[in-house]
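Q: Numbering that gives the first Met the number 0 numbers the first residue of the sequence shown as 0 and each following residue consecutively.
Worth flagging that the hints you see were computed from the coordinates, not collected in a lab.
A portion of the hints provided could be inaccurate.
Okay, derived cross-link-like pairs now, DSS-like style, lysine-lysine, Cα gap no bigger than 27 Å in a straight line [claimed, not checked]:
| # | residue 1 | residue 2 |
| --- | --- | --- |
| 1 | Lys161 | Lys272 |
| 2 | Lys176 | Lys164 |
| 3 | Lys30 | Lys129 |
| 4 | Lys256 | Lys272 |
Bear in mind that the values here come from a model prediction, so they are computed numbers and not experimental data.
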Amino acid sequence: MKNVVNLSQSFTLTSAQFTLLNRGLTFVPTKGSNKNIFFQSQYDLQQYHRKIKLAVYHKENDNADIPRFTPKSDWAPALSQLPPQVTTLINNDLKYMREKFKIHNNKSNLSRDENKALEELMKNRNIIIKPADKGSAVIIMDKEQYLYEGYRQLNDTNYYLKLTKPLYIETVPMVKKIVYNLYHKKFINAKQRNYLIGSSEPRARLFYLLPKIHKKPDKWSIPFKVPPGRPIVADCGSETYYTAEYIDYYLNPLSNKHKSYIKDTYDFIDKIKKLHLPDNAILFTMDVTSLYTNILSKEGMEAVKNIFKKYPDKSRPEKELLELLEINLSRNDFEFNGDYFLQIKGTAMGKKFAPAYADIFMAEWEESALSKCEKKPLHYFRYLDDIWGVWNHSAMKMSEHRQVQI
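Start from the sequences and build out the full structure, keeping to the hints where you can.
A: This is the structure:
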């Protein structure tokens with residue numbers, strides 16, 4: 000696949016612009032003083048030394064006393080509290096840093112033409128540059144194309160509702176009330192309470208798209224011109240950002256309790272290595288279309304309640320967790336191109352708890368679905384919305400299996 004894909008109907012890349020974008024969106028231009036890099040390197044070394052200090056200071060229990068859901072601490076033990084080997088290591092690192100790394104003017108890692116291309120692209124308000132949904136390609140689109148796809152999705156009233164004003168300002172006191180209940184019930188301390196409440200001036204969530212150019216061009220939103228986009232709602236800095244992290248802390252350990260669970264590629268390979276397949280075995284794969292946005296909130300909430308009952312834990316604040324989850328799902332408003340919308344179905348991919356929440360829902364759904372199947376797969380594994388299995392019955396029975404209704 001090409002590293003740079005220009006879908007714009009009105010903009011032609013110059014050779015220098017193409018070369019620049021071909022470096023990738025994570026490429027960092029260097030120009031002028033290296034002062035910022037110098038101080039960043041100092042900070043990185045300091046953080047590295049802090050981790051060593053804490054690991055040695057706490058030994059095997061280095062994570063035991065670190066409280067969750069509090070602002071990051073910068074505390075570290077003094078060198079006098081550490082073994083001489085560690086002190087020597089750190090002092091040698093600092094000496095090397097002082098001797099070898101000096102502030103000076105950097106030679107630009109871009110050519111003159113590339114620097115000009117960078118300025119031109121930054122000033123161009125008629126195009127949108129985004130990473131592809133899959134792969135490492137850089138996508139250029141006309142702003143009109145990008146907005147077309149955004150509004151095509153957001154105008155679907157099954158999933159989104161256009162608002163005349165944002166909701167997040169009014170959501171702040173709702174979140175605050177629940178967090179204070181957690182504090183009064185002693186589930187959290189004062190530092191954790193303040194952390195979960197977050198900023199007194201939260202920002203609006205932002206909706207953006209990652210172009211799915213891996214889809215067949217004749218199936219695009221506008222064939223061969225506008226690809227479908229993966230919708231992402233950036234939650235960082237919102238009024239529910241930290242409570243989403245809190246919810247995830249409790250949901251994540253429960254999301255891997257089902258038999259079909261796959262942790263990652265290595266886990267999948269390890270599992271299939273142990274399988275013995277009969278001669279008539281049919282390997283199959285399936286995926287769930289738009290899993291996150293298709294989970295009805297009522298059914299998702301019910302799945303969470305059910306897994307709480309299945310795995311009881313007295314230290315888990317279930318009432319408040321469910322209240323926070325309901326707010327995160329029902330008041331997920333966001334901004335796109337100056338317009339505000341509310342997601343009325345499913346959850347956004349930008350939510351911290353979204354993968355665990357979706358996994359818990361799918362685990363309950365598939366358990367119910369498989370229980371209604373006359374014939375069942377010999378093996379069945381799932382990673383979120385991607386399913387892999389082994390079928391050892393007839394192809395006709397497999398077709399019937401795929402049509403099961405709950």
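Q: Going through the numbered hints above, which ones does this structure break? Give me the numbers in ascending order.
A: Hint 1 is the one this structure does not satisfy, whereas the remaining hints hold.
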